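Turn these sequences into a full structure, and let the hints steer you where they fit.
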Amino acid sequence: MKLIKVEHINKNFVNNGESLKILGDINFKLDKGETSIILGPSGCGKTTLFNIIAGLIPATKGKIFFGNEEIVSPHKQIGVIFQETRLFPWLKVKENIAFGLKLKNKTNLDEKVVKYIDIVGLKGFENLYPHELSGGMKQRVAVARTLAVEPEFILMDEPFGALDPKTRKKMHELVLEIKEKLDTTILFITHNLKEAVFLADKIYILSALPAKIIKEIEIPKVLRNDKNKIIEIENQITKIMTEA
Amino acid sequence: MKKNGQHLELPKRKYVIIALFGSIIIILIWAVLSYLKIVSPIFLSTPTETLKNIFNLFVSGNILKDILVSIIRVLFGFILALIVGLPLGIFCGVFKKIEAFIETNISFLRYIPVAAFIPLAILWFGVSETEKIFLIFIGILPYIILYTSVAAANVEKEYIEVGKTFGANEWQILKKIILPRALPNIWDMARIEMGGAWALVVLAEVIAANSGLGYRLILAQRFLHTTDIFALIIIIGLVGFIIDQLFKLGYFYLFPWAEKSKVKRI
Numbered sequence: 001m002k003l004i005k006v007e008h009i010n011k012n013f014v015n016n017g018e019s020l021k022i023l024g025d026i027n028f029k030l031d032k033g034e035t036s037i038i039l040g041p042s043g044c045g046k047t048t049l050f051n052i053i054a055g056l057i058p059a060t061k062g063k064i065f066f067g068n069e070e071i072v073s074p075h076k077q078i079g080v081i082f083q084e085t086r087l088f089p090w091l092k093v094k095e096n097i098a099f100g101l102k103l104k105n106k107t108n109l110d111e112k113v114v115k116y117i118d119i120v121g122l123k124g125f126e127n128l129y130p131h132e133l134s135g136g137m138k139q140r141v142a143v144a145r146t147l148a149v150e151p152e153f154i155l156m157d158e159p160f161g162a163l164d165p166k167t168r169k170k171m172h173e174l175v176l177e178i179k180e181k182l183d184t185t186i187l188f189i190t191h192n193l194k195e196a197v198f199l200a201d202k203i204y205i206l207s208a209l210p211a212k213i214i215k216e217i218e219i220p221k222v223l224r225n226d227k228n229k230i231i232e233i234e235n236q237i238t239k240i241m242t243e244a
Numbered sequence: 245m246k247k248n249g250q251h252l253e254l255p256k257r258k259y260v261i262i263a264l265f266g267s268i269i270i271i272l273i274w275a276v277l278s279y280l281k282i283v284s285p286i287f288l289s290t291p292t293e294t295l296k297n298i299f300n301l302f303v304s305g306n307i308l309k310d311i312l313v314s315i316i317r318v319l320f321g322f323i324l325a326l327i328v329g330l331p332l333g334i335f336c337g338v339f340k341k342i343e344a345f346i347e348t349n350i351s352f353l354r355y356i357p358v359a360a361f362i363p364l365a366i367l368w369f370g371v372s373e374t375e376k377i378f379l380i381f382i383g384i385l386p387y388i389i390l391y392t393s394v395a396a397a398n399v400e401k402e403y404i405e406v407g408k409t410f411g412a413n414e415w416q417i418l419k420k421i422i423l424p425r426a427l428p429n430i431w432d433m434a435r436i437e438m439g440g441a442w443a444l445v446v447l448a449e450v451i452a453a454n455s456g457l458g459y460r461l462i463l464a465q466r467f468l469h470t471t472d473i474f475a476l477i478i479i480i481g482l483v484g485f486i487i488d489q490l491f492k493l494g495y496f497y498l499f500p501w502a503e504k505s506k507v508k509r510i
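Chains as they are written, first to last, in this note's numbering: chain A, 1 to 244; chain B, 245 to 510.
Everything labelled a hint here was simulated from the structure, so no lab data went into it.
Incorrect hints may appear among the rest.
Sample of chain B residues at the chain A side, in silico, Cβ under 8 Å [what the hints assert, rightly or not]:
no.: 1; residue: Ala397
no.: 2; residue: Asn398
no.: 3; residue: Glu402
no.: 4; residue: Tyr403
no.: 5; residue: Glu405
no.: 6; residue: Val406
no.: 7; residue: Phe410
no.: 8; residue: Ala412
no.: 9; residue: Pro424
no.: 10; residue: Trp501
no.: 11; residue: Lys504
Computed from a prediction, not measured in an experiment: that's the story for all the values here.
Ideal Cβ placement from N, Cα and C applies to all residues, glycine included.
What follows is the structure in structure tokens.
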């Protein structure tokens, strides 16, 4: 079943009367339960695409569907995780995680908060403020805050870009674990090739501006442990990206 | 001193020493001018006499009652201005239409000195508590609205976007994001405006009153009690200083996250 449909998305930014084309006709469909990666060079409009799918900014042309609903503003079933975590500094860890739940007046609030604190491995840190956490832990809180409202679809914009390699690796394992446990559909945006290949069921490679999908690559799950095959795919993607 | 828009850090001990040194210099100049009678005692009393008089005012001069009277007036005017100004300021900062509606009036009001309202206040309310509270209220209200609206308008759009992605409506964003984020800055602003209110109450009492610190001040002037004037000025300064310190303490107590997470202060 197709959960997300991105159809003919175009985006122009007007600056001093000059129109700059950022996104040129982006099309793709995401299957339920699949992790897809948008891979593209820095400054290629990835975050713009992210903002449009999140419903935060409108597209110049084209439509996005969640199931049969057109996305025109943020959708409750779409969870969003930003690169800069954007935790609320005035709320403790557990209050940050409960933020979305409280908006929805969920009854078993405490139970859910405990559950997701557990999933992201933050037991014992519930009562700390964000400024008392490391970068990796902050991003765990942000992930838990989004997971807690149990969205069907999670959108992530280079969420681990600012983390050191070791912490990033741990976060990748967390994403795979979440996928296994919760069967969430994920769209993950990155410029990091290794990250993309490690996490993806499918990779969409974007060109430089105006961004277009130049290649769609499926990564069969069985390959995850085949190092040689992974390297082969990475080389193939590198070749596509440098030639584009 | 500023570098790259940041205050250069100064170790706390050094800071205190320099601050003490600054006060001592002023007292020294005062001492030299008064003890050596460079300025006549009718115009300038000595530090020791002033100190003695502060003590006397507390022991036999019933000054505590006047301090309380002034503080109560300030609190009434201040709280009233907050009740009216905070919601207006927040709405002003968040909704452009309300800003357009209020902004011109506020800018106009801001440039009228409070002294210009004194005749009107006395005409409307007589020489009364209401008149003094009104003067404090009208004097700080425009600033409270203005600063609150700046604090609310400067809440980072990143946080607001997070609220939207969780499906928060406008009211929820106001209550759960804009207000808590802006509150430390509003508190800072209130602290500054409290100083303004304190100055206004003394002014109102100097002009027309039969109690309060300003009243005692004008009384001392009438009877040429120069040492009383000096003692009262210092008491007024001290009470103001203590109130200010209480606000600072409140900031650390109420917003422990704000200082440590180095969020933007206005």
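Hint check:
1. Ala397: violated, 18 Å
2. Asn398: violated, 14 Å
3. Glu402: This interface hint holds because 5 Å falls under the 8 Å limit.
4. Tyr403: With a minimum Cβ separation of about 6 Å from chain A (threshold 8 Å), the hint on B:Tyr403 holds.
5. Glu405: holds, 6 Å
6. Val406: holds, 5 Å
7. Phe410: For B:Phe410, the interface hint holds, since the closest Cβ of chain A sits about 4 Å away, which is under 8 Å.
8. Ala412: holds, 5 Å
9. Pro424: holds, 5 Å
10. Trp501: Hint on B:Trp501: holds, closest Cβ of chain A at ~5 Å, below 8 Å.
11. Lys504: holds, 5 Å
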